[in-house]
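Student: Turn these sequences into a full structure, and let the hints steer you where they fit.
Number of protein chains: 2
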Amino acid sequence: MDMKETRISGELIYDGIIVHLYKDKVSLPNGNEAVREVIRHQGAVCVVAVDDDKNIYLVRQFRYPFNDVITEIPAGKLDAGETPIEGAARELREETGIIAKNYKYLGELYTSCAFLDEVIHMYLATDLSFTEQNPDEDEFVEVDKVNLKEFVSEIMEGKVPDSKTQTAVLKAYIELGNLC
Amino acid sequence: MDMKETRISGELIYDGIIVHLYKDKVSLPNGNEAVREVIRHQGAVCVVAVDDDKNIYLVRQFRYPFNDVITEIPAGKLDAGETPIEGAARELREETGIIAKNYKYLGELYTSCAFLDEVIHMYLATDLSFTEQNPDEDEFVEVDKVNLKEFVSEIMEGKVPDSKTQTAVLKAYIELGNLC
Numbered sequence: 001m002d003m004k005e006t007r008i009s010g011e012l013i014y015d016g017i018i019v020h021l022y023k024d025k026v027s028l029p030n031g032n033e034a035v036r037e038v039i040r041h042q043g044a045v046c047v048v049a050v051d052d053d054k055n056i057y058l059v060r061q062f063r064y065p066f067n068d069v070i071t072e073i074p075a076g077k078l079d080a081g082e083t084p085i086e087g088a089a090r091e092l093r094e095e096t097g098i099i100a101k102n103y104k105y106l107g108e109l110y111t112s113c114a115f116l117d118e119v120i121h122m123y124l125a126t127d128l129s130f131t132e133q134n135p136d137e138d139e140f141v142e143v144d145k146v147n148l149k150e151f152v153s154e155i156m157e158g159k160v161p162d163s164k165t166q167t168a169v170l171k172a173y174i175e176l177g178n179l180c
Numbered sequence: 181m182d183m184k185e186t187r188i189s190g191e192l193i194y195d196g197i198i199v200h201l202y203k204d205k206v207s208l209p210n211g212n213e214a215v216r217e218v219i220r221h222q223g224a225v226c227v228v229a230v231d232d233d234k235n236i237y238l239v240r241q242f243r244y245p246f247n248d249v250i251t252e253i254p255a256g257k258l259d260a261g262e263t264p265i266e267g268a269a270r271e272l273r274e275e276t277g278i279i280a281k282n283y284k285y286l287g288e289l290y291t292s293c294a295f296l297d298e299v300i301h302m303y304l305a306t307d308l309s310f311t312e313q314n315p316d317e318d319e320f321v322e323v324d325k326v327n328l329k330e331f332v333s334e335i336m337e338g339k340v341p342d343s344k345t346q347t348a349v350l351k352a353y354i355e356l357g358n359l360c
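If you read the sequences in order, they're chains A and B. When the letters of the first sequence are read in order and numbered with my numbering, they come out as residues 1 to 180. When the letters of the second sequence are read in order and numbered with my numbering, they come out as residues 181 to 360.
Derived from the structure by calculation, the hints contain no laboratory data. Be a bit skeptical, because a hint or two may be false.
Stated by the list, open to error - Lysine-lysine pairs mimicking PhoX-like chemistry, simulated, CA-CA at most 25 Å apart:
1) A:K77 to B:K203
2) B:K203 to A:K159
3) A:K4 to B:K257
4) A:K77 to B:K339
5) A:K159 to B:K257
6) A:K149 to B:K203
7) B:K284 to A:K149
Tutor: Next up, the structure:
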């Protein structure tokens, strides 16, 4: 089946700090026209850091869209010119103070592919050492250490809504040999 | 730690079909001010439909932000006034023709909680019967049937980037008794 949509025209609606919003007119496979709202994003990374005692390191921070404190794995936007693995190591150290010797790639995550091009690169980090936490002045982040198996149970019980956290932790848990 | 951010003022930047973009000024816990770009979304549902032979039903469609055909589980936006379970049953039937007798809730997914309030409700659907596919005129969706275990392997190999698909399928697979 021909599925391709071809861009006819477009305009930049808003060019912000995180959000870059475009409104494009496209041609559909049946010849009809449609409007596509697209948010362009610079990409991000996230890290499942697991220590030798099978604990995972989590961050809790206020997330304005939900007006609530959300539990997540360490994560952040890629800086310009930075590779995903460099961004992962930087974010992990800034948010938790952790340095990891081993990184295993867990693949890409398209957060909401219908209207947003954000890609999050996911990593499992092991062989950890611990230094000082080093957040930005206007970042308010609490770090928590939780048993990995108990945290997987919390995910399964629906207590951990964040998408990158659910996906990357379940993949890391399977990667660490817990599937039959 | 006090983490709460308080809204000082805000403006509606763009009120679109899917995307409703706001730019708010907030007060941080340390008294500083910051800008928060927030996309408001009406919410969505997705369904992991598994038949008696342990096959999963997938949809492939062109996703404009990635200029590519993406493999996903059946999913869609909630209609006004619709409950999540009603939306799940409607989307599954529209996109694949499948009617399911049993639905198990797999929890919420916050797709990108830093700047987007989208919530996707995830379901595992079993005890399936099959009718005609009934897509909208301007929807171009291919349905595919794949062995669930093989699809989980594809997810683990990084071949399935969509976030709701990775999360919901891994949760469904664990829910069906495949974790040690």
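Student: Take the hints in turn and mark each one as holding or not.
Tutor: Results for each hint:
1. With a CA separation close to 19 Å, the supplied pair K77 of chain A and K203 of chain B stays within the 25 Å bound.
2. With a C-alpha separation of about 29 Å, the suggested pair K203 of chain B and K159 of chain A falls outside the 25 Å cut-off, and the hint is violated.
3. At most 25 Å may separate the alpha-carbon atoms for a hinted pair to count; K4 of chain A and K257 of chain B meet this at roughly 22 Å.
4. The suggested pairing of K77 of chain A with K339 of chain B holds, with an alpha-carbon distance near 22 Å, which does not exceed 25 Å.
5. For a cut-off of 25 Å, the pair hint linking K159 of chain A to K257 of chain B stands: about 22 Å separates their Cα positions.
6. For the suggested pair K149 of chain A and K203 of chain B, the alpha carbons sit about 39 Å apart, so the restraint of at most 25 Å is broken.
7. Taking the CA atoms of K284 of chain B and K149 of chain A, the gap is about 22 Å. The hint holds against a cut of 25 Å.
In summary, the structure is inconsistent with hints 2 and 6 from the numbered list given earlier, while agreeing with the others.
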